[in-house]
Amino acid sequence: MLKVEKLDVYYGNIRALKEVSFEVNEGEIVTLIGANGAGKTTTLHAISGLVPISAGTVEFCGTDLQTLSPHKIVQLGLGHVPEGRRIFANLTVMENLEMGAYMRKDHAQLKKDYEQIFTRFPRLKERAKQIAGTLSGGEQQMLAIARSLMSKPKLILMDEPSMGLAPLLVKEIFAIIEEIKAAGTTILLVEQNAHLALSIADRAYVLETGRVVLQGEAKELANSEEVRKAYLGG
Amino acid sequence: MTTLLQAENLSIQFGGLMAVSSFNMELKEGELVGLIGPNGAGKTTTFNMLTGIHKPTSGRIIVRSRNGGPRNIEKLQPYQITSLGVARTFQNIRLFKDLTVLDNVRIANHFNAQYKSIHALLRLPVFYQEEKRIYEYNMELLKLFKLEHKSDELAKNLPYGEQRKLEIVRALATKPHTLLLDEPAAGMNPQETKELMELIKSIKEQFNLTILLIEHDMNLVMGICERIIVLDYGRVIAQGKPAEVTRDPMVIKAYLGKEMENDA
Amino acid sequence: TGRRESDTIKIGTIMSMSGVVSHYGIQTRDAIQMAIDEINAEGGVLGKKVELLAEDDEKNPEKTMNALIKLATKDKVPAIIGALTSDCTLAITKEAQQRNVLLLTPTSTNDAVTDAGDLIFRSCFKDSFQGSIVARFSIETLGAQKAAILYDMNNDYSVGLTKAFQETFESLGGQLVAIESYAGGDKDFNAQITKIKAADPDVLFIPDYYSTISLVIKQVRNQGLDVTMLGADGWDELTGQAGDEAIGSYYSNHYSPDADDPDVQEFVRKYRERFNVTPNALAVLGYDATYILLEAMERAGTTDPQKVKVALMETDRKFVTGHIKFDEQRNPVKSVTMLRIVKGEDGKLATEYVGLVNP
Amino acid sequence: MQSERQKKTITSIILLVLGFVFLNALVAMRIIDEYTTQVLTIGAINVVVALGLNLISGFTGQLALGHAGFMAVGAYTTAALVMKLGVPIFPAIFGGGLISALFGLLIGLPTLRLRGDYLAIVTLGFGEIIRVIMINLTEITGGPAGLKGIPPFTTNFYWRPVVSFAIAYLFLVLVITLISNLLKSSPGRAIVSIREDEIAANAMGINVFYYKMFAFTLSAFIAGLGGGLYAPFFGYLSPNMFNFQKSVEFLIIVVLGGMGNLTGTVLAGFGLTYLQEFLRFLQDYRLVIYPLILIVLMLFQPSGLMGLFGNREFSLAGLAEQVNQLLFRKDPAEKAGEK
Amino acid sequence: MGVFQQILQQMINGLSLGSIYALLALGYTMVYGIVKLINFAHGDILMIGAFIGYFVLTKIGVTPGTLIIAFLISMPLCALLGVSMEKICYKPLRNAPRINALITAIGLSFFLENGARVLPAIGPNPRVFPTLPPVTHHLLGVGLSRVQIIIFAVAVGLMLILNYIINFTKIGKAMRAVSYDKGASYLMGINVDRVISFTFALGSALAAAAGILFASAYPQVEPYMGIMPGLKAFIAAVLGGIGSIPGAMLGGFILGVAETLAKGFLSSQMADAIAFGLLIIILVVKPAGILGKSIDEKV
Ligand SMILES: Nc1ncnc2c1ncn2[C@@H]1O[C@H](COP(=O)(O)OP(=O)(O)OP(=O)(O)O)[C@@H](O)[C@H]1O
Ligand SMILES: Nc1ncnc2c1ncn2[C@@H]1O[C@H](COP(=O)(O)OP(=O)(O)OP(=O)(O)O)[C@@H](O)[C@H]1O
Ligand SMILES: [Mg+2]
Ligand SMILES: [Mg+2]
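Residue numbers (this note's numbering), protein chains in the order written: chain A, 545 to 778; chain B, 1277 to 1540; chain C, 123 to 481; chain D, 159 to 497; chain E, 37 to 335.
Just so you know, not all the hints are guaranteed correct.
Claimed, not checked - Cross-link-like lysine to aspartate or glutamate pairs, in silico, EDC-like; alpha carbons within 16 Å at most:
(1) E:K218 with A:E627
(2) A:K773 with B:D1493
(3) B:K1408 with D:E354
It is worth saying that the hints were derived from the structure and are not from the lab.
Using the sequences and the hints given, assemble the complete structure.
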C-alpha cells in the first residue's frame, strides 16, 4: 500500500534521513520506533509532503507522491495525526472535525460519519461546541485522531499518539488504535513508547540517526536482545 | 550539609491549569537528585520556576548565593539567578543555533568577564587578557566533553547528542554550584547515555556540583541519582531512594505502570 | 565666465516630479518645456536652441541638492528654474549662489528664499505680502471682525501665509477666534471645522492649494458652517474642482483668469492642446518664469549669470500672470488681483474680478 | 599570538590611512567630480545611520522602523548647538549623538519589552512623533520651512567637498571600528545571543533588557552622529526630510546588505544611494523602476548581498594578507612554520 | 453649539472616519494572521479601488444604484490584484526571513504609487471623485451627512458579511485553521495556498470598498491617497491586536474617534502624535494590543 524507498531528506546541510526504505501493507499496523531525533517525524512529514524529498521515492497505492502538494496527498486517502496533536486550538471541537472533512464533497455520507465519530468518541460529542484549546491532553489527542478519521483515510500516519498522556489515557488511545485497525484502516505508527507500540503492531522498523537499522515482525523485535537493551530498558 | 536550593510550597497556574502545586524540595550541597514523572506532570515547569523563567503563583524559592547568604529568588530574573550559581539546560535544546560552538560557551561567561564595554571598545590590555582567559577556560571545558575540535562549527550543525552536551558545557561555563539538567539523555542511544552518566558523575566531582535532573531514562535515573522525587499532575506523589520509589504503588500506577502491565 | 561654448544653451529645472506634489511639479515642468519649445521655434536665444534638463527632487531637499550639484557641475547650466516648493528651494539657494548659478523659482513663496544672494530670483508673490493683502481685504472690503484660519502645518507656504494674515489682521484691529491646522495629506477636517464652527467667525482663511481646498470647503458646508471663505493663489483652478459650496468665497491671485484676457486664453488653449489637461497656477508661473529668464539672457547677450542677473532686473512687461518688475530683493512687484467665486452663466463656477490691491 | 594581532591592527590602520589620503586626493583634485563626491558623502552618512540600525535590528534582532527620527534629533541638536550656543562643530556632532541616545533611552525603557513587529510599529510611531514635534518646535527647527544657514565644516568653497567627505569617511571608520570592536567582545556576544534566543541568553546570565537598552541607545547614538554630520554637511534641515520613508531607506540598506553584516551595510548603503542618483536618467519612471529593482533583489537574493559570500565580514588585514600571499607566494602553512 | 453637541458631533465624525480605518485594518489583520506579513502595500489597494470606482462613476454617472455597481466592479478587481501580488511577490518569500517580505511589501507600495502616477489613465493630478449631492440630517443640533450614513451602512454591512464568512463558512474556518497552524492544515487536505489567496482577495476587496467610501467622503482621488489611511489602519490593526478580527474593527473605531477628539479638543497640530502616543501607551500596557492574545513561548 505504502512503499518508501531510499528516502533522503535534508534540513539545510543536515541529512536527517539516510536511504530509509520500508513498506506498509493493507490492513497492517506498522510501527517505527527509535530515539529522540532519529528521524521518525521527518519520515512521516516526508510522506505527507510537508518536507521536500531530496532523493528516493514514496509510493502510495501506486501513486508517486513526490511531486504532489500535501493537500492532494490527503485527498488520495492518506491521513496524518501529527506529533504534538496540533489541533486548531482556536476552533471548536466541531469545527476541528469539519476541517478534517475539508476536502470531502459527499455531504450525505458526511453527516453519518459525524454520528459515527461521535459514537466512537462520546467525550467529543459532549464537547462539540467547546474551544479545542481548552480540552485536556487526552481529549485533544482523541480529537486529533478523530479529525484525521474524518477524511476517511485508507492509511493513517500517527506520530507519537501517547505523548504527554497519563498511562490510563495511553491505554485508551491504544485501544482506539486497535479499533481503527479492526474497522479496516491501515496504520503507520510512530512511538517512543516502544513497548506498547510493539505489542499492537504487526511489523516494526527501528530508526537510528536517520537510518533503518532493524526491521521485522513486531513480536520478534520485542524479544530481540538488541531492541530490549536499546529501547525497552533492558 | 548546607542547603543550596530550597522550594517551599511552590505553585503555578497557567490560565485554569494548576501546572505545579505545593512543591517542596530541599537540595543539599553535593546531592544528585532525580525529578521524574509522566509527561506534563510539571517537571520542566518546576525548573522554569527555579530558574526564574516563570514566576510562581505562590510559594518561596531560596538559593544560597556564591558568597554564602541565602536569598529569595522568586522575583528575580533568570540572569540574576544564574549569577547566584544556578544554571540549567533545556529540554527543547535552546542553543544559539547560528553561532559557533565556542561562542555559545563564551556567551555563558558573560557575567564572569572582568572587563567593561569601554575596555572592549578601546581594546585595552585588560580586554585581551580576559578574552584569553575566557578562551582557554572554555576550550578546557569543551575538551572535557570532547567537543574542542568542533569549536568553530555552528551549533546547529552538531548532531543531536552533541548539542545536548554543548548545552551542559554552556551551563557549566556560568560556574554554577547547582546544575539543573532537563532530560540530558534524550535523543542519545544507550551507549551514549552510559557515557553521559559517567560524565555527569565526573563533572559533579570535578566542579563540586549539586545536580537536579529530569530524565525519562530509568537506567540513568536509577544509575546515578541518590534521591528521586516523583511528580504527577503537578504534585509530588513520592520521594526517596531509587529502590524505594520504584516500589511505590502510586509511582507504578502513574509512571512505571508498563512493567505492571507486562506482568499482568 | 569660462563656460564652454556649444550650439545649445542648457537650462536646468528642478521640479518635484514624483512624490505628493508631483501633480504640480509635472505640470510646471511641462509648461516650462512648452515655453522653451515656443522660444526655440522662434529661433531660440542668442541664436542658439535652448535645451531643458529636468531633474526630479521628490519634494526632498536632499535630492534637490543632488540635482543642483549635478546640473551645476556635470551639465554646467548657467541658470536653473526651480525648485517648486520652498523647502526644496531654501535647501539650495546658498549653494546656487556660491556656484554662480542663477536660480529663478517660479513658485516658492517663502519670504526667505531670495535672501541667499543676488543670483536668486523668484517670479511669484511672497507669503507675507499675499497674506497681509488678504487680511487687509477682509477687514477693509468685507468688514470682517472675527477671523478663523485653517492651515497645513507641514507646508511652509500655508504656515507663511497664516503668519502674515494673522499679523496684519490683528494689527488692523481684527480678532482671530480660531487657528486650526492639519497635516499635509489629511483628508478629514471635520474635527477642526466643528471647532471653528463653535468659535463663530466672520471669515475663514484657508491658505492651501486647490486640491486640498476643494475637500475642506465641502466639509465646511457639510457641517452647515456658513462663513465667508478666503484663500490665496493656491486656490487658482479651484473652480474646476469644487462644487457650489465654493460660491461666494474670495481669493487673491497673480492674475485674473478672465475669459477676455487673450494671453491667459492662449496659454490655456495651447497647454490643453498639448498635454490634455487644464494647467494649474503653478504651471502658468513656470511658463512665465521661462520667458522672464530667457528674455533676460537675450537682453544680456550672454548666459553669464552675473550679466543675466542685471538684465533680469530690467524685466518690465506684462506676462501671462500679469505685469512683472523685480524689486531690489529680486521679488516681483506685482499687483494682487482679488477674485470672487460665482456661478457662471453656463452653470459652472467662475471667478469675478473684485479689485486690484497694489503692493 | 600577541604580535600577530598587533601586526594585523597596524596593517589595517596603514591601509585605512592610505585609502583615506588616496580618496581625498582624488576628491581634492576633482578626479572624483563634485557630484560624485556629494553622492559619496551622503552615502557615507547613510551608511553611518544604517550601521546604527543594523546594530539593533541585525545584531540584536529588534526590528526598528524609526531611525530617521534619531537622525533628525542628532541633526537638529547639532545645528542648535552650533548656531545658538556657538559650540564648535565636533563637540556639537557628539552632542547630537548624545541627545539622540537620550531619546533612545527614553523610548527604549517602556517599549523594549515588546517583541518583533510590535517594537517595529512603536518605533515607527516614535519616529513620526519626533517629526511632528520638530515641525511644531519652530523656535529651534524653523518649522516646516526648515532651518537654513547651518555653518558648514569649512567656509572655503573649494575645499568644502573635500573636508565634508573626509569627515564623513572618518566617522564611518570610527563607527565601524566601534561596532566591530563591540561585537567581538563579551557585551557584543551578549547582544547577539539576544537575537539568537532571548530565553536562553537570560538563563546564561545575560541581562537581556539591559543589553537591549544598551544596543538601542548605542544605535540611537550612532544614528544621531549621522544626523550630526548631516547638518553641517547639508546646511539645511527640514522635518519632512526625516519621514517614515527615510527610516525605511535605512532598513532597506540593512536588509539588502544582509542583516547582521557590517560589510553588507556599507556596500548596500553606498550602492543604493548611488543607484537612486544613477537612475535619474529614467526621469518620471525612476521611482517606478527603483522599487522593482528592490523587489527583484529581495526575491532572488533574500539573504542579502553578503549572503552571496557566506555572510563573512570584509577585513582589511585579511585583504592585505591575501594580497601579500598573492604577491610573494608565501604558503600560509609555511609561514606558520616559520614562527 | 454646546459642548455636549460638540462632543457628539466629533464622535460621529470620528466613528465615520474610524469605520473606514476599520475596513482597511481588517485586511492588514487577516493577512498578518495568516502569513505574518505587514502588507505595506495594503493602503495602495485602497487607492486603486478608489480609482476604479472613479472610472466607473464618471462613466455611468452617480446615483445610489451606480454606486453599488462601482463597489461590485472595484472589489473583485482589487481582489484579483491582491491575489496576484501575493502570488508573485510574497509567496516565493514564504520561507525566507519575514523582514524580506516586509521590504518587498514596501517596494510594492512604492511601485503601485509611482506606477499609478506615470500611468496615463491615472496620472499625478488629483481628480474630483463623483459624489451624490450632499444631504445633511440634523438631530439635537448635530449634523449627520448622507455620506456618513452610507459609510456606516456599508462598513458595518461588510463587517457583518466578513464575520459570517470567517465564522460560519468552510473557507472561513479554514482561514482560521491555516492562520493557527499551516502544517496541520495541509494534513487536513486544506489547500493552504488557496486559503492564503482567498485571504488576500478578501482583504483587498475590503480595501477597495474602503477606497470608494474614503473617496466619497473626501471626494478626491490621486496616486498617493492610500499612504495616510494605510498607515492609520495599520496602527488600528496593531492597536486592536494584530491578527484579531474584532480587534481590527475595534482598533479602527478607537483610532478614528481618538484622532478626531484630539483634533477637536486638544491640538490639531499634535493629532497624529497623539494617535501614535495612544498606540504606544496601549502597547506598553497590553503588549499584544487590546484584543490580541499574547502567547508565552513554551520553554
Ligand atoms: N525543521 C527542521 N530544521 C532542521 N532540523 C530539523 C528540523 N526538524 C527536525 N530536524 C532534525 O532532524 C532530525 C530528526 O528529527 P525528527 O523530528 O524527525 O526526529 P524524531 O525521531 O521524530 O524525534 P522525536 O522522538 O523527538 O520526535 C533531528 O536531528 C532534528 O533536530
Ligand atoms: N507557558 C505555559 N503556558 C501554559 N501552559 C503551560 C506552559 N508551560 C507548561 N504548561 C503546561 O503545564 C503542564 C506541565 O508541563 P511541563 O512542561 O512542566 O511538563 P513536564 O513534566 O516537563 O513533561 P515532559 O516530560 O513531557 O517534559 C503541561 O500541561 C503544560 O501544557
Ligand atoms: Mg518526532
Ligand atoms: Mg519537560
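I'd like to know which numbered hints this structure contradicts. Please list them from smallest to largest. Number 3 - this is the single hint that the structure violates.
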